[in-house]
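> Using the sequences provided together with the hints, build the complete structure.
Listed below, chain by chain, are the residues.
There are 2 protein chains.
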Amino acid sequence: MAITQDNIIKALSKVQDPDLKKDLVTLNMIEDISIDGNAIYFTVVLTTPACPLKELIKNDCIDAIHKYVDADLQVFPNMTSNVTSTRSTAPLLPNVRNIIAIASGKGGVGKSTVSANLAVSLAQSGAKVGLIDADIFGPSIPTMFNCEHEQPEVKEVNGKNIIIPIEQYGIKLISIGFLTPPDNAVVWRGPMASSALKQFIGDTDWGELDYLLIDLPPGTSDIHLTMVQTIPVTGALIVTTPQKVALADAQKAVGMFKQPQINVPILGLVENMAYFTPEELPDNKYFIFGEGGGYKLSEKYNIPFLGQIPLVQSIRESGDNGYPASMKEGVTADAFKDISEKLARQVAIRNANMAGTTKVEMIN
Amino acid sequence: MAITQDNIIKALSKVQDPDLKKDLVTLNMIEDISIDGNAIYFTVVLTTPACPLKELIKNDCIDAIHKYVDADLQVFPNMTSNVTSTRSTAPLLPNVRNIIAIASGKGGVGKSTVSANLAVSLAQSGAKVGLIDADIFGPSIPTMFNCEHEQPEVKEVNGKNIIIPIEQYGIKLISIGFLTPPDNAVVWRGPMASSALKQFIGDTDWGELDYLLIDLPPGTSDIHLTMVQTIPVTGALIVTTPQKVALADAQKAVGMFKQPQINVPILGLVENMAYFTPEELPDNKYFIFGEGGGYKLSEKYNIPFLGQIPLVQSIRESGDNGYPASMKEGVTADAFKDISEKLARQVAIRNANMAGTTKVEMIN
Chain A
1 MAITQDNIIK ALSKVQDPDL KKDLVTLNMI EDISIDGNAI YFTVVLTTPA CPLKELIKND
61 CIDAIHKYVD ADLQVFPNMT SNVTSTRSTA PLLPNVRNII AIASGKGGVG KSTVSANLAV
121 SLAQSGAKVG LIDADIFGPS IPTMFNCEHE QPEVKEVNGK NIIIPIEQYG IKLISIGFLT
181 PPDNAVVWRG PMASSALKQF IGDTDWGELD YLLIDLPPGT SDIHLTMVQT IPVTGALIVT
241 TPQKVALADA QKAVGMFKQP QINVPILGLV ENMAYFTPEE LPDNKYFIFG EGGGYKLSEK
301 YNIPFLGQIP LVQSIRESGD NGYPASMKEG VTADAFKDIS EKLARQVAIR NANMAGTTKV
361 EMIN
Chain B
1 MAITQDNIIK ALSKVQDPDL KKDLVTLNMI EDISIDGNAI YFTVVLTTPA CPLKELIKND
61 CIDAIHKYVD ADLQVFPNMT SNVTSTRSTA PLLPNVRNII AIASGKGGVG KSTVSANLAV
121 SLAQSGAKVG LIDADIFGPS IPTMFNCEHE QPEVKEVNGK NIIIPIEQYG IKLISIGFLT
181 PPDNAVVWRG PMASSALKQF IGDTDWGELD YLLIDLPPGT SDIHLTMVQT IPVTGALIVT
241 TPQKVALADA QKAVGMFKQP QINVPILGLV ENMAYFTPEE LPDNKYFIFG EGGGYKLSEK
301 YNIPFLGQIP LVQSIRESGD NGYPASMKEG VTADAFKDIS EKLARQVAIR NANMAGTTKV
361 EMIN
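Note that the protein sequences, when read in sequence, are chains A and B. Just so we're aligned, residue 1 is where the first sequence starts under the UniProt record's numbering, counting upward by one. Just so we're aligned, residue 1 is where the second sequence starts under the UniProt record's numbering, counting upward by one.
Take these hints with a grain of salt, some might be off.
Treat identical chains as interchangeable: a pair holds within one or across any two.
Claimed, not checked - Straight line, CA to CA, 16 Å or less: simulated EDC-like cross-link-like pairs of lysine to aspartate or glutamate: (1) LYS296 <-> ASP183; (2) LYS300 <-> ASP183; (3) LYS14 <-> ASP63; (4) LYS58 <-> ASP19; (5) LYS244 <-> ASP183; (6) LYS54 <-> ASP23; (7) LYS258 <-> ASP183; (8) LYS244 <-> GLU148; (9) LYS10 <-> GLU31; (10) LYS54 <-> ASP338; (11) LYS244 <-> GLU317; (12) LYS160 <-> ASP205; (13) LYS155 <-> ASP205; (14) LYS14 <-> ASP70; (15) LYS10 <-> ASP70.
In short, the hints are calculated from the structure, not lab data.
Next comes the structure, spelled out in structure tokens:
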């Protein structure tokens with residue numbers, strides 16, 4: 001076939017995005033085609049820098065051009081990304097492409113650990129990431145990011161005070177922990193806590209972000225309601241441990257997001273503290289908190305199962321020391337990277353197939 | 001010395017209660033002295049059936065009579081108990097001798113597990129025990145007591161609906177879990193949750209109890225404030241794991257109870273998930289969540305350290321299966337028994353040395 005722009009487009013229209021189930025041309029993912037003798041250049045704009053299918057799609061493009069245009073061409077796809085969004089016309093934070101709520105129902109299952117590590121993994125892939133610590137009564141994010149003593153600056157914009165998030169490891173962070181002394185209990189009824197969250201969302205200078213993660217507190221109460229009433233959330237990630245009482249609460253979190261008047265898509269489920277393996281017995285898995293419960297729950301509710309994270313002392317230590325485990329190379333970082341890619345993928349699938357979430361108007 | 005009632009009293013006035021630091025006669029703990037020839041009978045009324053010093057005090061009484069009255073007497077102390085209270089004139093639940101709040105700040109550290117097992121241990125000692133599951137958004141108590149499908153009856157008393165608690169393993173229980181379907185999320189703002197707690201305290205037929213435990217939710221918000229505003233609490237027990245982010249939150253819970261306008265005495269601290277020991281390596285302790293943090297926190301705040309509970313699969317399994325681990329004999333039951341005795345002891349010490357807690361009038 002003649003080596004023309006049209007024929008290259010025809011060839012690339014045979015390449016499917018496996019997640020979005022459409023071809024790259026229909027998906028407007030091909031840009032800047034140029035032909036220089038025997039060499040073909042073009043750009044593939046993926047839906048996330050954390051795309052786990054990057055290499056697969058790249059090779060599919062090369063193969064398609066060899067098959068449908070000319071087997072002797074040298075093909076140089078330039079793989080970039082432009083994170084998709086259903087939020088570009090949102091009245092609040094239109095420059096934040098995706099807002100992901102991280103919830104568990106039960107406390108202590110590792111929501112903050114998972115949030116911190118996924119934020120790091122997404123940022124490492126090249127995405128612009130922010131993280132709101134919405135746990136007003138038990139903020140863990142400042143400890144996990146080694147910035148407990150930072151105090152965010154405030155600037156005045158049009159007569160309004162705007163908080164500038166703390167930036168650590170390339171991630172923009174906000175937490176009540178930056179605004180109160182560590183020893184002090186914040187003993188507040190719901191409305192005070194809710195107004196703190198509203199400030200973290202609406203009165204904070206988030207700038208342009210690909211992913212803004214919201215690390216929710218346990219339960220299904222004021223903070224959760226205020227979140228969905230303040231801003232349309234792209235989707236929710238559920239974290240659970242395999243134990244029955246955690247699964248019961250995770251189920252309640254799922255139930256909350258699925259309530260017709262709330263209706264936030266659930267992007268996936270992560271099972272944390274899946275098993276413990278002592279160094280001395282590397283082949284043994286101790287299912288201290290039970291086995292397989294997370295997977296079963298994801299099947300029951302038809303939620304993508306994004307993966308398991310073992311109970312590893314170094315994950316807790318990294319968190320306590322302020323360096324999320326994903327920052328060091330190793331099996332733990334690999335596990336979080338894998339989950340972050342799957343999460344980004346689910347966001348892209350959700351954005352391709354569903355309209356934007358609607359802000360909840362009134363409830364209770 | 002002559003074998004007279006007076007001389008027996010004199011001898012017993014040499015015996016100290018090691019906790020209360022006064023002698024048994026001054027403490028009004030001696031009753032029903034009778035002399036039958038060579039045999040001496042009397043009753044020692046301890047401050048709790050869970051008294052860990054029972055044998056020590058019994059032997060001290062026998063020794064004192066042998067030493068100060070006659071070495072050849074046969075002494076038969078009858079050890080009973082009458083749980084002390086600072087609540088007997090309280091307007092609400094005056095027949096509940098002690099109310100113990102169990103708090104952690106952070107979720108998932110095992111508050112419910114500890115509450116369930118201490119309730120069982122106290123009941124096994126002979127005490128009358130009730131347990132309020134105040135975690136409205138993540139009730140675990142029905143699962144842990146294998147009564148998830150029970151529904152409490154309601155009776156009318158003076159035109160008011162009164163809930164009759166579920167009784168399981170000899171413990172009176174109430175939980176939102178008995179009143180809502182397990183799959184349903186209770187998505188409520190604070191005031192709704194608070195009114196549920198008020199019903200659990202004020203509109204529930206608790207009858208006479210030695211100890212009413214209140215298993216609090218994570219955080220320091222509506223439920224906690226409503227509790228201290230509804231009823232004077234005898235004292236609080238803090239549960240934590242050794243990990244830094246849990247200790248930080250436990251510290252916040254301590255801070256809340258110590259706030260001058262709240263001022264609830266702290267009875268002690270328990271460190272849960274202290275270490276893991278695989279069956280195959282019984283000498284190894286894996287400090288997955290860190291080492292010694294609970295003890296350090298208790299020292300920092302001068303709180304009695306009541307003990308450590310290891311991370312044992314069977315504790316979680318017992319909870320998930322509805323039979324608290326303390327119900328089976330073994331090291332775990334022994335650990336909880338020991339902690340329950342220390343807790344009961346701290347309650348007695350608190351009651352002997354401090355006035356009743358004052359209900360919090362207004363805050364926020």
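> The structure should be examined with respect to each hint, and the outcome stated for every one.
Do the hints match the structure? See the list:
1. In the homo-oligomer, the alpha carbons of LYS296 and ASP183 lie at most 16 Å apart only across protomers (15 Å), although the nearest pairing inside one protomer, at 40 Å, exceeds that limit.
2. Taking identical chains as interchangeable, the C-alpha atoms of LYS300 and ASP183 lie at most 16 Å apart only when they sit on different chains, with a minimum of 12 Å there against 42 Å within one chain.
3. Proximity of LYS14 and ASP63 under a CA criterion of 16 Å is satisfied intra-copy only: 10 Å inside one chain copy versus 97 Å between copies.
4. With identical chains, the CA atoms of LYS58 and ASP19 are at most 16 Å apart within one copy only, with a shortest distance of 15 Å there and 75 Å across copies.
5. Taking identical chains as interchangeable, the C-alpha atoms of LYS244 and ASP183 lie at most 16 Å apart only when they sit on different chains, with a minimum of 13 Å there against 33 Å within one chain.
6. In this homomeric assembly, LYS54 and ASP23 come within 16 Å of each other (Cα to Cα) only inside a single copy, at 15 Å, whereas the closest approach across copies is 79 Å.
7. Only between protomers do LYS258 and ASP183 lie at most 16 Å apart by alpha-carbon distance; the minimum there is 12 Å, versus 37 Å within a single protomer.
8. Taking CA atoms no more than 16 Å apart as the test, LYS244 paired with GLU148 passes between copies only; the shortest distance there is 12 Å, against 34 Å inside one copy.
9. Taking the closest pair of Cα atoms, LYS10 and GLU31 come within 16 Å of each other only inside a single copy of the chain (14 Å); across copies the shortest separation is 101 Å, beyond that limit.
10. Taking CA atoms no more than 16 Å apart as the test, LYS54 paired with ASP338 passes inside one copy only; the shortest distance there is 13 Å, against 58 Å between copies.
11. Only between protomers do LYS244 and GLU317 lie at most 16 Å apart by alpha-carbon distance; the minimum there is 9 Å, versus 26 Å within a single protomer.
12. Only within a single protomer do LYS160 and ASP205 lie at most 16 Å apart by alpha-carbon distance; the minimum there is 12 Å, versus 53 Å between protomers.
13. When the C-alpha separation of LYS155 and ASP205 is checked against a cutoff of 16 Å, the pair qualifies only within one copy, where the shortest distance is 9 Å, while the shortest distance between copies is 56 Å.
14. In this assembly of identical chains, LYS14 and ASP70 lie within 16 Å of each other by CA distance solely inside one copy; the values are 15 Å within and 106 Å between copies.
15. When the C-alpha separation of LYS10 and ASP70 is checked against a cutoff of 16 Å, the pair qualifies only within one copy, where the shortest distance is 13 Å, while the shortest distance between copies is 112 Å.
Every hint from the earlier list agrees with this structure, and none is contradicted.
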